[in-house]
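Visitor: With the sequences and hints as input, model every part of the structure.
Residues per chain are reported as follows:
There are 2 protein chains.
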Amino acid sequence: MTHTIEGVHCAAATPVTAEGTPDLRLFAEHCRLLLAEGCHGIALLGTTGEANSFGIRERMALLEAAVEGGTPAAALLPGTSTPAVADTVELSRHAVTAGAKGVVLLPPYYYKGVGDEGLFRFYAQVIEGVGDDRLRVVLYHIPQVSQIPISHELIDRLMAAFPGIVCGIKDSFGQIEHLQALCERHPGLGVLAGADPLMLPLLRMGGAGCITATSNLRAEALRVVWDGWNDPAKAAEVAAAQGRIDAWRRLTNRHVQLPTVKAMLAKRRGDPGWLHHKPPLVALSEAERQDVWAEMDKLGG
Amino acid sequence: MTHTIEGVHCAAATPVTAEGTPDLRLFAEHCRLLLAEGCHGIALLGTTGEANSFGIRERMALLEAAVEGGTPAAALLPGTSTPAVADTVELSRHAVTAGAKGVVLLPPYYYKGVGDEGLFRFYAQVIEGVGDDRLRVVLYHIPQVSQIPISHELIDRLMAAFPGIVCGIKDSFGQIEHLQALCERHPGLGVLAGADPLMLPLLRMGGAGCITATSNLRAEALRVVWDGWNDPAKAAEVAAAQGRIDAWRRLTNRHVQLPTVKAMLAKRRGDPGWLHHKPPLVALSEAERQDVWAEMDKLGG
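Which chain is which? The protein sequence lines are A and S, in order. End of the first sequence = 300 in numbering that gives the first Met the number 0, gap-free, step of one. End of the second sequence = 300 in numbering that gives the first Met the number 0, gap-free, step of one.
FYI, nobody ran anything at the bench for these hints, they're computed from the structure. Virtual Cβ for every residue (Gly too), placed ideally from N, Cα, C. Heads up, some of the hints might be wrong.
[To be verified] Quick list of the computed label-pair ranges, beta carbon to beta carbon:
id, chain 1, residue 1, chain 2, residue 2, range
1, A, T1, S, L32, 54 to 62 Å
2, A, G98, S, M204, 57 to 65 Å
3, A, M204, S, G130, 52 to 60 Å
4, S, L32, A, G69, 53 to 61 Å
5, S, P162, A, S284, 23 to 31 Å
6, A, E285, S, D230, 53 to 61 Å
Guide: The structure is reproduced here in structure tokens:
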């Protein structure tokens, strides 16, 4: 193992009941199935998982439901950040205590245009607040949503201040050049691609794997790429798997992405409970859903 | 009284101890003094109050400290939103139960580019979740920070669905044209200016008052404007007060605004406890603070 946190991780979607509460039973089942389908780990409660649309207690209940439902805690990599240090400490400590392999931490995303000093203090106060040597932190770089980029200088400073604890970054910026810069400038950092087409090139650059939305639907193909990327004998198999991943990812972007992923899960898992969202996200229209389901049939289910 | 929620409201800053917790004693004192200085109400825990940088329990403790410290709950107008319905319901219900005159609600601000349907559902689920006829909601329009504008169509829909409950809007967009459009298009809505120089023109357009940062320092001048804006005999007094407000507001913008307001409060209240921030905000440098304090002396304290 090269990196502390590596492999194929699913940015798991979160099912919601018709009453608007997290569907704990369906979520626990989804987590079990994702591991069976090939995921090394489950990055629950990220952007795809609508983490920030669930309350603090709902987020803890989802993690507990996954563990109680039979998913090893050591396979879980939950998003535990909020814009506030206190709640982020509470969620992160809960995850560490439960045995999670690490936590994924957004920068505080309410104020815009803040400097690295304030971002460093946020992460430092969270890490010191958790106060547990078992904590492993994956930084979460998704500036197109958070509006708060994570600079190379901030990464350097955090890795120096918290060696071994700040061990990875999920980069959802979507540019291969930035993934390359992260690998080159921070050799000890496990870089996880946030976009499915980028895991393969990232692995060739020394990256650590991925946390992606399409793995909700095509985990087995991502696992084929992971297992075979460096084996010339498996080149054709890997290329075919990457083709499946890319085709399914294109379909997730046919309409608004996150509701499309959930509509696809409703068909894949055979449970209409996947069609609900927490606001501000809303489900696809009936026509959009039917369109996506027809396209899934064309791709082969 | 023309509007359900009207008058001069202070976007109260929140003091923080050296250990990073809310300074409840200093905050309670600040609230009492703000009312004595002329504020009709205290809009605690807004953007100036670093609401989103405090945890759920810290936010409830601050409201309780203000009430226990002698500020009538009916003068309090706390910000109670988070990006999640569940936590927003909890904070809002707590405020209503405590007797607050209303709550100020940001739209959910994590996802960007979301539609009005999702924003409507967020507000509707919060209002229905609180389930208390005493609830009064002031929408919070600050798109330069939240990145989520509140459209006229959304306001119309919310006022129609929750008449009497959705009763105001704090507009911190900073454009007189938008304040005018709000007054003209939504006659039953109490429009509160988020910028001190705009309260006077807003009152002339039928607006409801203000929620501003400078009132942390010059509440008495804003109150003079409020009390005299429509009295020709007080025109000179109002103009002089507005001049004081504008001069002090310019000083709050001499460096980064929120830390500057706190630095000015440290001098005004004679308590260095005002110099601390929650990340991602950080205090002014020592040189900046000295510069601001020297400018305060020039303005007359």
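Visitor: Now, for every hint given, state plainly whether the structure supports it.
Guide: Taking the hints in turn, this is what the structure says about them:
1. A hinted range of 54 to 62 Å for the beta carbons of A:T1 and S:L32 is consistent with their spacing of about 59 Å.
2. For the hinted restraint 57 to 65 Å between A:G98 and S:M204, the CB-CB distance of approximately 59 Å keeps it satisfied.
3. A hinted range of 52 to 60 Å holds for the C-beta pair A:M204 and S:G130, which are about 53 Å apart.
4. A beta carbon spacing of about 57 Å between S:L32 and A:G69 agrees with the range 53 to 61 Å that was offered as a hint.
5. Checked against the hint of 23 to 31 Å, the pair S:P162 and A:S284 passes, with Cβ atoms roughly 29 Å apart.
6. At roughly 59 Å, the beta carbons of A:E285 and S:D230 sit within the given window of 53 to 61 Å.
Consistency with the previously given hints is maintained throughout, with no hint failing.
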